[in-house]
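Number of protein chains: 2
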Amino acid sequence: MARVVQVKGETPRLEDYLEAIYHLIHDKGYASTLDISDTLKVKPPTVTLTVQKLAAKGYLIYEPYRGMTLTKKGEKTALSVISRHNIISEFLSLIGVEEKVAYEDTEGIEHYIQPITIHKIEKLVDFLRKNPDQLRAIRDYIDD
Amino acid sequence: MARVVQVKGETPRLEDYLEAIYHLIHDKGYASTLDISDTLKVKPPTVTLTVQKLAAKGYLIYEPYRGMTLTKKGEKTALSVISRHNIISEFLSLIGVEEKVAYEDTEGIEHYIQPITIHKIEKLVDFLRKNPDQLRAIRDYIDD
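For the protein sequence lines, the chains are A and B, in the order given. If you're matching positions, the first sequence starts at 0 in numbering that gives the first Met the number 0 and goes up one per residue. If you're matching positions, the second sequence starts at 0 in numbering that gives the first Met the number 0 and goes up one per residue.
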């Protein structure tokens, strides 16, 4: 269920941690340091340090040996990161980028796009979903 | 003419150097270490080291105190970087992202998108250019 992959050579960002923690909690009910370490391919001591940082910033509550829960602020941020991810990913999929590439590219670019741009891409996706004939015409042209 | 801006906190990549050098040579006939330093906001000694690296990799010919010229390989890479930049930038502009934001986002994401995805975005842009009525319908929906 590794929904979060890392861009080659990049260190996971705090946002990646929140995204991973959110998915872990929703998939298996809790997120342990080892789970996060597996998901983000980061060594456990680094995970522990980062989780403490996220706790200090008010994104989560961390109880050693008991696990962690996201605060409202943490959950809100995680959901916004996930929504942004889904919008980009859906756009790439609509224009015919195959799943694996779409996934990698989404992970690559999601942190670099400003909210106003995300909003416009979301509207474009929405338009294409509501206008299947136009989407088909576009896809026929792209795939040609 | 700072066509190349840096993403906050990111070190310019070799591709950024080639892009900057290409533009400098085409705009003023030559590219000096100081020009590149100005454009990329990098200290001159770092520019010198990177330029030497690019020369060692066969992207340019560097003559100290005389400047540099791109090799065929360097020019080809620079043009491909510039073309990728223009495709992303045009797509963002078509969906109504204002110039400054489109510029910043393009600089942020251009290195993280795979060629096949760029190709599909290029075809999408091409389709929208050739079908102004559909573009207008999309823009009306996005801007609403």
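No wet-lab data here; the hints were simulated from the structure. Hints are supplied without guarantee of correctness; some may be wrong.
Intra- or inter-copy, both count: the list cannot distinguish identical chains.
Restricting the straight-line Cα-Cα distance to at most 30 angstroms, the calculated cross-link-like pairs of lysine-lysine (DSS-like) are [unchecked claim]: (1) K99 x K75; (2) K129 x K71; (3) K122 x K99; (4) K71 x K56.
With identical chains treated as interchangeable, where does the CA-CA distance between K71 and K56 reach 30 angstroms or less: within a copy, between copies, both, or neither?
within (12 angstroms within a copy, 50 angstroms between copies)
Tell me, please, which holds for K99 and K75 at an alpha-carbon limit of 30 angstroms: within, between, both or neither?
both (27 angstroms within a copy, 28 angstroms between copies)
Reference check for the pair K129 and K71, CA-CA at most 30 angstroms: within, between, both, or neither?
neither (33 angstroms within a copy, 47 angstroms between copies)
Give the relationship of K122 and K99 under a CA distance limit of 30 angstroms: within one copy only, between copies only, both, or neither.
both (24 angstroms within a copy, 20 angstroms between copies)
Checked against the numbered hints given earlier, this structure breaks only hint 2.
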